[in-house]
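Visitor: Just so you know, the sequences run in chain order A and B.
Mind the numbering: the first sequence is residues 0 to 184 in numbering that gives the first Met the number 0, read in order.
Mind the numbering: the second sequence is residues 0 to 413 in numbering that gives the first Met the number 0, read in order.
There's no promise every hint is true.
A short, non-exhaustive set of chain B residues, derived as facing chain A with CB atoms under 8 angstroms [stated by the list, open to error]:
#1 N66
#2 V69
#3 T81
#4 P141
#5 W151
#6 N152
#7 V204
#8 K213
#9 G218
#10 D220
#11 M224
#12 L230
#13 L234
Bear in mind the hints are in silico, worked out from the structure with no lab data behind them.
Bear in mind the structure is a predicted one, so any value in this text is a computation, not a measurement.
All C-beta atoms in this analysis are idealised placements derived from N, C-alpha and C, irrespective of residue type, glycine included.
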Amino acid sequence: MNKKVFIGSGLTLIVLSLIWLVITPVLYPGVQAGTASAAHPGFRVPGFTLETPQGELITLSDFTGQPVLVFFWTSWCSVCKATMPGLQSAYQDYAPDGFALLAVNATSQDALAAAESYFQSQGYTFTLLLDRDGSVARDYQMHAVPTSILIDRNGIVTDVVIGSGMSEGFLRARLDGILVTGEGE
Amino acid sequence: MFPVLDLGPIAIQASGLILLLSLMIGIWLSRKFAKNLLTNAEAIENGILTGLLAGIAGARIGFLLQNPSVFLNNPLSLVSLTPSMLNPGFGLLVGVIVIWIMAQKKHLPLWPTLDTISPLILMVFCGFHLANYANGNAYGLPTSLPWGVQLWNTLRHPVQMYAVVLGLAALAGWLLQTRGMKQTGFQKSGVLFAIVITALAFITVIIRAFAAEKLIFLGVDLVQMLAVILLIGSLYLAYHRLFNRRHPVQVFVSLGSNLNPEKNLTKALITLQEIFKIRRVSGLYRSADVREGQAGLQFLNRMVELETLIPYLDLQEKLKSLEREFGREPGNKNRVPLDLDIITYNGEVFVHQGKNIPDPNLTTSLYIAQLLAEIAPDFRHPGTGQTIPAIIEQIDDREQAIEKITEVENGTTG
Numbered sequence: 000m001n002k003k004v005f006i007g008s009g010l011t012l013i014v015l016s017l018i019w020l021v022i023t024p025v026l027y028p029g030v031q032a033g034t035a036s037a038a039h040p041g042f043r044v045p046g047f048t049l050e051t052p053q054g055e056l057i058t059l060s061d062f063t064g065q066p067v068l069v070f071f072w073t074s075w076c077s078v079c080k081a082t083m084p085g086l087q088s089a090y091q092d093y094a095p096d097g098f099a100l101l102a103v104n105a106t107s108q109d110a111l112a113a114a115e116s117y118f119q120s121q122g123y124t125f126t127l128l129l130d131r132d133g134s135v136a137r138d139y140q141m142h143a144v145p146t147s148i149l150i151d152r153n154g155i156v157t158d159v160v161i162g163s164g165m166s167e168g169f170l171r172a173r174l175d176g177i178l179v180t181g182e183g184e
Numbered sequence: 000m001f002p003v004l005d006l007g008p009i010a011i012q013a014s015g016l017i018l019l020l021s022l023m024i025g026i027w028l029s030r031k032f033a034k035n036l037l038t039n040a041e042a043i044e045n046g047i048l049t050g051l052l053a054g055i056a057g058a059r060i061g062f063l064l065q066n067p068s069v070f071l072n073n074p075l076s077l078v079s080l081t082p083s084m085l086n087p088g089f090g091l092l093v094g095v096i097v098i099w100i101m102a103q104k105k106h107l108p109l110w111p112t113l114d115t116i117s118p119l120i121l122m123v124f125c126g127f128h129l130a131n132y133a134n135g136n137a138y139g140l141p142t143s144l145p146w147g148v149q150l151w152n153t154l155r156h157p158v159q160m161y162a163v164v165l166g167l168a169a170l171a172g173w174l175l176q177t178r179g180m181k182q183t184g185f186q187k188s189g190v191l192f193a194i195v196i197t198a199l200a201f202i203t204v205i206i207r208a209f210a211a212e213k214l215i216f217l218g219v220d221l222v223q224m225l226a227v228i229l230l231i232g233s234l235y236l237a238y239h240r241l242f243n244r245r246h247p248v249q250v251f252v253s254l255g256s257n258l259n260p261e262k263n264l265t266k267a268l269i270t271l272q273e274i275f276k277i278r279r280v281s282g283l284y285r286s287a288d289v290r291e292g293q294a295g296l297q298f299l300n301r302m303v304e305l306e307t308l309i310p311y312l313d314l315q316e317k318l319k320s321l322e323r324e325f326g327r328e329p330g331n332k333n334r335v336p337l338d339l340d341i342i343t344y345n346g347e348v349f350v351h352q353g354k355n356i357p358d359p360n361l362t363t364s365l366y367i368a369q370l371l372a373e374i375a376p377d378f379r380h381p382g383t384g385q386t387i388p389a390i391i392e393q394i395d396d397r398e399q400a401i402e403k404i405t406e407v408e409n410g411t412t413g
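With the sequences and hints as input, model every part of the structure.
Guide: Shown next, in the form of structure tokens:
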């Protein structure tokens, strides 16, 4: 490789990169999620109103000012059932600080009776909600259960976890962060 | 976006699968590349896999160090198989340190090893961005271009796919440069690695413009700025490896003859001493001609360590013309007045016109390995880091009986 050719192309690359670096913020300024809503970290959480099995209506925006975990689950999902006891344990400790746990059963993909009887048999004290027509699951682009969406006190999504990742330990660590600093990470 | 792949009864997280596949393909490519470059395929592969495991363990430990209450609450969280509670930064640090330690223990040469894993780096780059596309992470700015994708309720630049496509283009370029993984295409190790890093840094600079989430530092996107710095650094590295100041380099040359061997080898040594600075000379060794159909024609061999300023290609030319001066007939492989072979050149690892440096006969022939052992007992194979005793032990020497017939007066002055 010719030294002159190398130096020439190298310097060209560097100069082009520096120019692009400097004009990027002008041509393509970054866009914070701001008020846009989506089930993804950084965005405002999509709102919903769902029914408990007793017919009581719960609206997500009622919980603004509190950290919330929205947990999509079904009764046939073994990972969901393995995760929920840990969530119960964390819920007991953090509920006094205002933590709300909304376990949204994807009823359109589940048997209502099975879901209700499972929930009662375990004695969970957090809130059970029923997404009977699957509209909330669609809004949240829920692809598989369990899907956990953690929301900070400002209504901003901090974590979206598909699968077993929302373990008790992880939830506790994230809640400590939210409750101490007042913001999601 | 396709975070989950539905395969009937099982749903697999696409991002994990993508990363795993890119890693596996990258390791497979590196292994094939190592076989052609004659670097240590096994040690490199073991290092990567061990580093990966160490990195994952490190990521878990890092998370728990950051959140000690989690561990105190449930000590079993240390070994929990959930794919969360991982600190990526700490994991990367631990992984790199473990790989570094293992490479040192195996005496893996730095630049040839980095050249060898260049396809892995390319594959992981593509896999990382494709995994982000699957998750909808690192998403792009809104756009109305015809190839915009719907993500998070807006039509956006598929910026992760820009990276994947450009990364695959870089991989194609790499395949071209290496002529299908047969060589690095440079006579200096480390250059291919530096060029790959330059390409990936440049791709990052370009595509970051279209990322939605930017970290502004000193008025510019921080990731873009770091990519520019990396670009400059890797270009400088390539420049330095290719064109650094000339200083004398160490070369081992093997001399052989089976036609008037004693006379020719003595004359050859004197001629070499007039042209080059000779540092060490081995004794004369007799071996049977190992080539088929030549039983009986005895070769005499000696090994010489010299220092020179001239580049590899010029040295090869010079030695060939010396062979011709001594009467070597180009087609005649049976009666050889003088054979001069470059065994190593400045500790470099490369392939030129199908010929490997270091010479592959180093690890298969006693008439090279044994003679090296005499004049350079501390020698390590530039590609694999193996010591001479280890190399000799591996040689199947049933037909390679060699014996020393003369000492040299002042041969091993060093």
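Visitor: Look at each hint and say if it fits the structure.
Guide: Hint check:
no.: 1; hint: N66; result: 4 angstroms, holds
no.: 2; hint: V69; result: 4 angstroms, holds
no.: 3; hint: T81; result: 5 angstroms, holds
no.: 4; hint: P141; result: 7 angstroms, holds
no.: 5; hint: W151; result: 4 angstroms, holds
no.: 6; hint: N152; result: 5 angstroms, holds
no.: 7; hint: V204; result: 5 angstroms, holds
no.: 8; hint: K213; result: 3 angstroms, holds
no.: 9; hint: G218; result: 6 angstroms, holds
no.: 10; hint: D220; result: 6 angstroms, holds
no.: 11; hint: M224; result: 6 angstroms, holds
no.: 12; hint: L230; result: 6 angstroms, holds
no.: 13; hint: L234; result: 5 angstroms, holds
The structure shown violates none of the earlier numbered hints.
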